[in-house]
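Q: Protein chains in written order, with numbering that gives the first Met the number 0: chain A, 0 to 340; chain B, 0 to 254.
Among these hints, one or two may not hold up.
To be verified - Straight-line C-alpha distance at most 16 Å; calculated EDC-like pairs for lysine to aspartate or glutamate:
1. B:Lys-150 with B:Glu-222
2. A:Lys-177 with B:Glu-117
3. A:Lys-42 with A:Asp-202
4. A:Lys-330 with A:Glu-286
5. A:Lys-177 with B:Asp-119
6. A:Lys-177 with B:Asp-157
7. A:Lys-42 with A:Asp-264
8. A:Lys-62 with A:Asp-264
9. A:Lys-177 with A:Asp-25
10. B:Lys-122 with A:Glu-136
Since the hints were derived computationally from the structure, they do not count as laboratory data.
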Amino acid sequence: MDRTLPVPPQAPARDTLRILDRGHGDLIQPPDVEAFRAWNRAKSKRLVDKRMSEAEAVRRFIKPGDYIGTELYGTVRCPMSLVHEIVRQRIGELRVAGQGVLELDLLLGAGLVRALDITYIGLEVYGLSNCLRREVESGRVERCVEWSNAGIAWRFKAAAMGVPFIPVRSMLGSDTLKYSAATVIECPYTGAPIALLPALILDVGLIHVHRSDASGNAQIDGISGFAFEMARACKRLIISAEEIVETEVIRRRPDRTTIPYYLVDAVVEAPFGSHPGEMCYRYARDEGQIRRWVEASKDPATTAQFLQTYVDDVPDHRSYLALFGDDHLEKLREPARGRPE
Amino acid sequence: MSDPPYNSSELLICTAARLMEDGTTAFIGTGIPMLAAALAQRLHAPNLVPVFEFGGTGAILETLPLAVGGGCTFNRAVAASGIRDIVETAQRGFVEYGFLGGAQIDAYGNLNTTVIGEHDHPKVRLPGSGGGNDVGSHAWRTIAIMPHDRKRFVHHVDFITTPGYLTGPGARERTGLPRGTGPYRVVTTLAVLGFEQVSKRMQLLATQPGVTVDEVAENTSFELLLADHVGQNPPPTPEELRLLREEIDAEHLYI
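With the rest of the complex left out, here is chain A (with noise of 0.2 Å):
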């Protein structure tokens, strides 16, 4: 082989890549690149309006057995409304790529889960998931291949760069790994160690903003979490958003837009979106719902009975937050004033 480039000192003498680990986890969803290429170039680049409710979006685009991903932090920009759509009309076997707090426990609660990519599904400064506990331990959700954060991040920003994988320093030596499904190869150029996590391509994708236009050109305010990389990974994106403006406020701060139109097929408007979680310079936790669901949450019957009421009983979204009332939520508003214009 003719090298023109110095070999490094450390780099391996051979023409082959030696595979030196493999995760015993399944690839719950295979990088199939060129099918998403396909996917892409298919779909409409039109600039045309998206804008329908809950119940449509879920109804059009998420189907039994997909592969579904929620973009969030903790309890911040939870796509609260499009999750309660999807346990009201119980769509289930699905498999999730588990990063959550409040709507993957809704999933699991309601039994929706098969398998999960997970990484951390637990309710924070309130501990661990019940949900979580009572459907992987009783073998409900059958399989749990494990991932750190920024493993599920990488995995997406591969399939955004729309490559079967990516080479990361993370989850090497332990027994994330071993129950992963990345692999852990000789570096070609260096001799080391280092994993190759693959591509996670979505079927479908849910992500919450502060704004967006009626074709979905999206702009999210404050710390972006991994929602440009999820963006471009999914296969279709319902996108719910806080406020519905037009397209000249997006054409004015085009920098500011995360997720582009042509990514999007729904947009839904939901103001209070993320409650009973957090949208930051809009309204903050709240915190009694929060503790009530944690509560509820402990036993079966009472996670039935907390379904029933904030998701089976309220049609849709609005119905929703009319459970709550106007006072109640302007007060939520209040310790999250102050954003600089």
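Chain A is already provided as a structure; the job is to place chain B on it using the hints.
A: What follows is chain B alone, placed relative to chain A:
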């Protein structure tokens, strides 16, 4: 002996805060590390740069977030980006300290936050890695904070969620983890521990106020190495406790 004028959370927070250096970067999670960072910023480390994994860099910790991505994690921050940028920054070597917790820790500082029992048929399913594995892989020095008892300080963790020194000297480097990284301190309700240079095993550095060396050993399942001189930590000062109770966590959410 009468009860001390502080509880175990306050003790952990004050002990951890004293380990936070001014003018450096530290991965901060919610809970005790967050309170410790807020306390350190008000005392000896006004230029501590808290790094929150979901995107906040350099926040001024005036109020407490309950969520790892809450608005306070980028309050008056110098940058608000996302998780990938933050962990890539750590992967490039920019983040000095990382604070961790866990249900179990072993003598090499390996941490478990994934399962108790077998992975595929767990007795208790815990949350999983979250950012723990990333912090434990990339921060130069990690500090674990946990209550101290035999159930937590075990011979073998049921699952290595976050790598410590794995099986001993050189093991991290052999698996490809960044060179020169690893566990630095373990702050507990009974002691502050470090890791012996050669064996990379946990070593008792100092006991908490009123705690004896024997008590620490009795509450540890594995054999504990002792530093040549085992110190005694001073108790939380009245000023530390005042700041914690009146300013940092006035609503007593954590303390």
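Q: Now look at each hint and say whether the structure bears it out.
A: Outcome of the hint check:
For the hint linking Lys-150 of chain B to Glu-222 of chain B, the alpha-carbon distance of about 14 Å falls within 16 Å, and the restraint holds. At roughly 13 Å between alpha-carbon atoms, Lys-177 of chain A and Glu-117 of chain B fall within 16 Å of each other, so this suggested pair holds. Of the supplied pair hints, the one linking Lys-42 of chain A and Asp-202 of chain A holds, its CA atoms being roughly 14 Å apart against a limit of 16 Å. Our distance criterion of 16 Å between C-alpha atoms is met by Lys-330 of chain A and Glu-286 of chain A, whose separation comes to about 12 Å.
As the CA atoms of Lys-177 of chain A and Asp-119 of chain B are separated by approximately 12 Å, the hinted pair is consistent with the 16 Å bound. At most 16 Å may separate the alpha-carbon atoms for a hinted pair to count; Lys-177 of chain A and Asp-157 of chain B meet this at roughly 13 Å. Taking the CA atoms of Lys-42 of chain A and Asp-264 of chain A, the gap is near 9 Å; set against the 16 Å cutoff, the hint holds. Distance restraint check for Lys-62 of chain A and Asp-264 of chain A: the Cα-Cα separation of roughly 15 Å lies within the 16 Å cut-off, and the hinted pair is therefore satisfied.
Pair hint Lys-177 of chain A plus Asp-25 of chain A holds up; C-alpha atoms about 11 Å apart against a cutoff of 16 Å. Of the supplied pair hints, the one linking Lys-122 of chain B and Glu-136 of chain A holds, its CA atoms being roughly 7 Å apart against a limit of 16 Å.
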